[in-house]
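Heads up: the sequence lines are chains A and B, in that order. Sequential numbering from -7 applies to the first sequence in the working numbering. Sequential numbering from 13 applies to the second sequence in the working numbering.
It should be emphasised that the hints constitute simulated quantities derived from the structure, not laboratory data. Wrong hints could be hidden among the right ones.
In silico BS3-like links for lysine-lysine, alpha-carbon gap of 30 Å or less [claimed, not checked]:
(1) A:K71 - B:K83
(2) A:K71 - B:K69
(3) A:K(-6) - A:K37
(4) B:K69 - B:K23
(5) A:K(-6) - A:K89
(6) A:K37 - A:K71
(7) A:K37 - B:K83
(8) B:K23 - A:K94
(9) A:K(-6) - B:K26
(10) B:K26 - B:K69
(11) A:K34 - A:K94
(12) B:K23 - A:K71
(13) B:K69 - B:K83
(14) A:K(-6) - B:K69
(15) A:K71 - B:K26
(16) A:K94 - B:K83
(17) B:K23 - B:K83
(18) A:K(-6) - A:K34
(19) A:K34 - B:K83
(20) B:K83 - A:K(-6)
(21) A:K37 - B:K69
(22) A:K89 - A:K34
(23) A:K71 - A:K94
(24) B:K69 - A:K34
(25) B:K83 - A:K89
Owing to the predicted nature of the structure, the values given are computational and were not obtained by experimental measurement.
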Amino acid sequence: RKEVEQDPGPFNVPEGATVAFNCTYSNSASQSFFWYRQDCRKEPKLLMSVYSSGNEDGRFTAQLNRASQYISLLIRDSKLSDSATYLCVVNNARDDKIIFGKGTRLHILP
Amino acid sequence: DTGVSQNPRHKITKRGQNVTFRCDPISEHNRLYWYRQTLGQGPEFLTYFQNEAQLEKSRLLSDRFSAERPKGSFSTLEIQRTEQGDSAMYLCASSPGRDRPPYEQYFGPGTRLTVT
């Protein structure tokens, strides 16, 4: 099993719809989780950290399920500008290993 | 601009040549990371520094790769005897490196290396 797995997509979603994707991780000792957004040929940008209690930032909601070892990202009322690749990042504080998923491509359709 | 900066932004070199990239982290960020990213893949961790100390190196970092952060501020990544397989985007990120996680990282624009 890969350390961090994401569905590569692409997810083709009409504007205004809600879309959700998951990321699974294999190391139960993982302690920190993040979602990054990466536009084509640009650097990754931090979208949100994922806390145990879940967190929300505007149209974006991130949740962590430690029992099933996955994190999720929900985007409501999607905009054309949400089109990007969304990268899941997992950090194991014990050995400070930081692992990126390969990303999920999202296309918002007008 | 107080973000992470990287130079050069693009580098084209011939196989066998040496190249060096520079990264200037966000001021007062004591953690600095190097990643490599190829098309369709997520960034792959190469190495990171806590201040001037190099704390971890990935197995991806062959003997031809070396990174330094001599004064705990900027860092350089050198690739000796470049190979075509080294062609990739090299990303640098910095983090406040608090004593406890989470360690949010902030990325520079990357250096795109093409080895011909």
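Hints versus structure:
Taking the CA atoms of A:K71 and B:K83, the gap is about 44 Å. The hint is violated against a cut of 30 Å. Between A:K71 and B:K69, the direct Cα distance comes to roughly 39 Å. Violation of the 30 Å bound is thereby established for this hinted pair. Using a Cα cut-off of 30 Å, the hinted pair A:K(-6) and A:K37 holds, with the two alpha carbons roughly 23 Å apart. Of the supplied pair hints, the one linking B:K69 and B:K23 holds, its CA atoms being roughly 23 Å apart against a limit of 30 Å.
A C-alpha spacing of about 14 Å is found between A:K(-6) and A:K89, which places the hinted pair at or below 30 Å, so the restraint holds. A threshold of 30 Å between alpha carbons decides the hint, and for A:K37 with A:K71 the separation of about 18 Å falls inside it, so the pair holds. With a C-alpha separation of about 26 Å, the suggested pair A:K37 and B:K83 falls inside the 30 Å cut-off, and the hint holds. Distance hint between B:K23 and A:K94 is fulfilled; the C-alpha atoms sit about 24 Å from each other, no more than 30 Å.
For the hint linking A:K(-6) to B:K26, the alpha-carbon distance of about 34 Å lies beyond 30 Å, and the restraint is violated. A C-alpha spacing of about 26 Å is found between B:K26 and B:K69, which places the hinted pair at or below 30 Å, so the restraint holds. This hinted pair checks out: A:K34 and A:K94 have alpha carbons roughly 15 Å apart, not beyond 30 Å. A C-alpha spacing of about 35 Å is found between B:K23 and A:K71, which places the hinted pair above 30 Å, so the restraint is violated.
Pair hint B:K69 plus B:K83 holds up; C-alpha atoms about 19 Å apart against a cutoff of 30 Å. Taking the CA atoms of A:K(-6) and B:K69, the gap is near 20 Å; set against the 30 Å cutoff, the hint holds. At most 30 Å may separate the alpha-carbon atoms for a hinted pair to count; A:K71 and B:K26 exceed this at roughly 43 Å. A distance of roughly 33 Å separates the Cα atoms of A:K94 and B:K83; the hinted pair therefore is violated under the 30 Å criterion.
Between B:K23 and B:K83 the CA atoms are separated by roughly 25 Å; this keeps the pair inside 30 Å, and the hint holds. Between A:K(-6) and A:K34 the alpha-carbon distance is near 25 Å, which keeps this suggested pair within the 30 Å criterion. Under the criterion of a C-alpha separation no larger than 30 Å, the hint pairing A:K34 with B:K83 is consistent with the structure, at around 28 Å. For the suggested pair B:K83 and A:K(-6), the alpha carbons sit about 36 Å apart, so the restraint of at most 30 Å is broken.
Restraint check for A:K37 and B:K69: the C-alpha separation of about 23 Å stays at or below 30 Å, so the hint holds. Distance restraint check for A:K89 and A:K34: the Cα-Cα separation of roughly 23 Å lies within the 30 Å cut-off, and the hinted pair is therefore satisfied. For the given pair, A:K71 sits about 23 Å from A:K94 by alpha-carbon distance, which is consistent with the 30 Å threshold. For a cut-off of 30 Å, the pair hint linking B:K69 to A:K34 stands: about 25 Å separates their Cα positions.
A C-alpha spacing of about 24 Å is found between B:K83 and A:K89, which places the hinted pair at or below 30 Å, so the restraint holds.
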